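Participant: Protein chains in written order, with our numbering: chain A, 1 to 348; chain B, 1 to 348.
No lab work stands behind these hints: they were computed from the structure.
Model, not experiment: these values are computed from the prediction.
Be aware that one or more of the hints could be misleading.
[To be verified] Once the Cα atoms are required to be at most 25 angstroms apart in a straight line, the calculated BS3-like pairs of lysine-lysine come out as:
{"hint": "1", "chain 1": "A", "residue 1": "K33", "chain 2": "A", "residue 2": "K147"}
{"hint": "2", "chain 1": "B", "residue 1": "K210", "chain 2": "A", "residue 2": "K258"}
{"hint": "3", "chain 1": "A", "residue 1": "K271", "chain 2": "A", "residue 2": "K254"}
{"hint": "4", "chain 1": "B", "residue 1": "K258", "chain 2": "A", "residue 2": "K210"}
[Stated by the list, open to error] FRET-style restraints, in silico, Cβ to Cβ:
{"hint": "5", "chain 1": "B", "residue 1": "I288", "chain 2": "A", "residue 2": "D336", "range": "57 to 63 angstroms"}
{"hint": "6", "chain 1": "B", "residue 1": "D342", "chain 2": "A", "residue 2": "A145", "range": "55 to 61 angstroms"}
{"hint": "7", "chain 1": "B", "residue 1": "I288", "chain 2": "A", "residue 2": "G45", "range": "39 to 45 angstroms"}
{"hint": "8", "chain 1": "B", "residue 1": "N206", "chain 2": "A", "residue 2": "T32", "range": "52 to 58 angstroms"}
Glycine included, C-beta positions come from ideal geometry on N, C-alpha and C.
Protein chains: 2
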Amino acid sequence: MSETLTVAVVGATGAVGREMLKTLHERKFPATKVRAFASARSAGGKVPFGESELTVEELKEDVFNGIDLAIFSAGGGASTTFAPHAAHAGCVVVDNSAAWRMDERCPLVVPEVNPQALEAHQGIIANPNCSTIQMLVVLKPLHDAAKIRRVVVSTYQAVSGTGQKGIEELERQVRDLFNARDPENKVYPYRIAFNVLPHIDVFLDNDYTKEEMKMVNETVKILDDPSVRVTATCARVPVFFCHAESVNIETEKKITAKEARIMLSQAPGVKVFDNPRELMYPMPAYCIGDDPTFVGRIREDESIDNGLNLWIVADNVRKGAALNAVQIAEELLRRDLVRVPDKNVFMS
Amino acid sequence: MSETLTVAVVGATGAVGREMLKTLHERKFPATKVRAFASARSAGGKVPFGESELTVEELKEDVFNGIDLAIFSAGGGASTTFAPHAAHAGCVVVDNSAAWRMDERCPLVVPEVNPQALEAHQGIIANPNCSTIQMLVVLKPLHDAAKIRRVVVSTYQAVSGTGQKGIEELERQVRDLFNARDPENKVYPYRIAFNVLPHIDVFLDNDYTKEEMKMVNETVKILDDPSVRVTATCARVPVFFCHAESVNIETEKKITAKEARIMLSQAPGVKVFDNPRELMYPMPAYCIGDDPTFVGRIREDESIDNGLNLWIVADNVRKGAALNAVQIAEELLRRDLVRVPDKNVFMS
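Pulled out of the complex, with its shape left as it was, chain A reads as follows (with noise of 0.2 angstroms):
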């Protein structure tokens, strides 16, 4: 690592991207020099870091010779495109999008779950999805103690999982209905607004969402377990900010409820917040800019042998995008890896 650390935020004027910048100023990222990028229509405007701001640049290929680290959100087909250069010059990338995930050569980390995944990365380290994360944060610790053979998952997602048009949909949709006017359907194929909408990503060959399979595939490529089965459901719901999940595992060994919490309440990123009597429970409308993933209705399933329910709530933009990626920065430093070993390995 060299004295001087330069980090690009591409795709900085999304949702995302500015909550990337949030994060690397709050928790005082080492950086000496932070640099954004967007699309060639974004490029010349400014984007919020801290108290100053950041003149948007345009993304081109030859653009990462200097720059040691990139944190990309800026969709697949940018990551797809630019990824592959960034690594070429040189610069590490953590990538948020799809593109990348599901790819042999690329590791896919959520830092308090696989960190040691990171050591073998070729340059192009990826972000899993934001429903993954927060599973996988809360069901890391159970696996250990008790493997986990299988999860039957439904979620119950926010509209700024879409980014910030999501966002401006719902909130348009609502108001239109709130004054008798015909609500517009832009981003979604059918009203969000006071609707739920079984269908996040395109559809597969195997009727399952593109969403859901990442669920499966992701879970078996960050616990390194493909003996751990999954099956999810992933539905829109009107919220603006952070996913819920209802989360049922099987496990091999009998955890308790009791035990459960025990074990949740020491494990990193993860908060219990789980008293029924005292009516606590984990809510989207009150996690919102929160770090920790959230947990609670930790109940034993008697309809199984070692059965287990648990309600899990993260600020999607947030751990489930922006801070897990940034954590993943921090990680490299910690570790001394940021640097690419061969710069043409994504090149061929």
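With chain A's structure known, arrange chain B on it following the hints.
Facilitator: Positioned in the frame of chain A, the structure of chain B alone reads:
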């Protein structure tokens, strides 16, 4: 059955009571007289019935003489107090509250699922919980074909499940938030607007909510099969009408998704709405006022040998309450069961 048939709706001024009157009229229920009852507070007022109106009468213990059939939706307290007096007066009660559901003397009936249970009624028949009804209309044909071993369900429930006051709370909170006023929580313990509450009905000693345990216990009673194991997580979402459910089932015999679609498309009360390629799947905002229970997102669950995922949506006020109760009344008529065999059963 006499030549005349007097029917009463008890709790006629509530959201479900009004829907019951509407449903009786729409379906041309062959009553010679319909009467509306509510608490003293509402007595003397009017409720719509078809083109005309009914004057609301005060609910008292001695009002049931001359009434053949009473459909109750006035809350558990009123049902506990008044249903025995109705039965004692020879009036058959179809009760929408939870008060009598688990009573061994009372059949718990979804007409598409277990109409035969009506034959043994002793004067009080219970209408199941809304979430249970819509789930069982869909699960019954699958259970008959392949024997369901286990159900893992997560619900997305509308505020109308709490009655008119739930609808008003969501509407008021949205208006307050969009007008920069602090939204007040009068009905729910926390804000429901743009939020999800993993809490419906009260918490029990096992940390499940009463709503969750209704789904577990009522399913076993209605299917009359204690070998079916159910675990439930019930959540309230900011939606006005229609409950959605993510249902995962494990069956003894394998059923493919295609077989399930065929079976369900022939099942009474079920409408298969399932074509991901055409973005066809059921959603709360698009099922309001509809009679059928809609099912889509039918997928084989690859995490177990014989598993299916289903997405079930129905109008909770209609099939989940009023329509199911009126269907029970119709079935009682069809089977010539509008009579109380022993008027003293519930008076002991």
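Participant: If a hint holds in the structure, say so; if it does not, say that too.
Facilitator: Comparing the hints with the structure gives:
Between K33 (chain A) and K147 (chain A) the CA atoms are separated by roughly 43 angstroms; this puts the pair beyond 25 angstroms, and the hint is violated. Of the supplied pair hints, the one linking K210 (chain B) and K258 (chain A) holds, its CA atoms being roughly 21 angstroms apart against a limit of 25 angstroms. The straight-line distance between the Cα atoms of K271 (chain A) and K254 (chain A) is roughly 22 angstroms, inside the 25 angstroms bound, and the hint therefore holds. Taking the CA atoms of K258 (chain B) and K210 (chain A), the gap is about 21 angstroms. The hint holds against a cut of 25 angstroms.
Taking 57 to 63 angstroms as the suggested C-beta distance range, the pair I288 (chain B) and D336 (chain A) conforms, at roughly 59 angstroms. Hint check: D342 (chain B) to A145 (chain A), Cβ distance near 56 angstroms, so the stated range 55 to 61 angstroms holds. A hinted range of 39 to 45 angstroms for the beta carbons of I288 (chain B) and G45 (chain A) is consistent with their spacing of about 43 angstroms. For the pair N206 (chain B) and T32 (chain A), the supplied restraint of 52 to 58 angstroms holds, since their beta-carbon distance comes to about 56 angstroms.
Of the hints listed earlier, the one the structure fails to meet is number 1.
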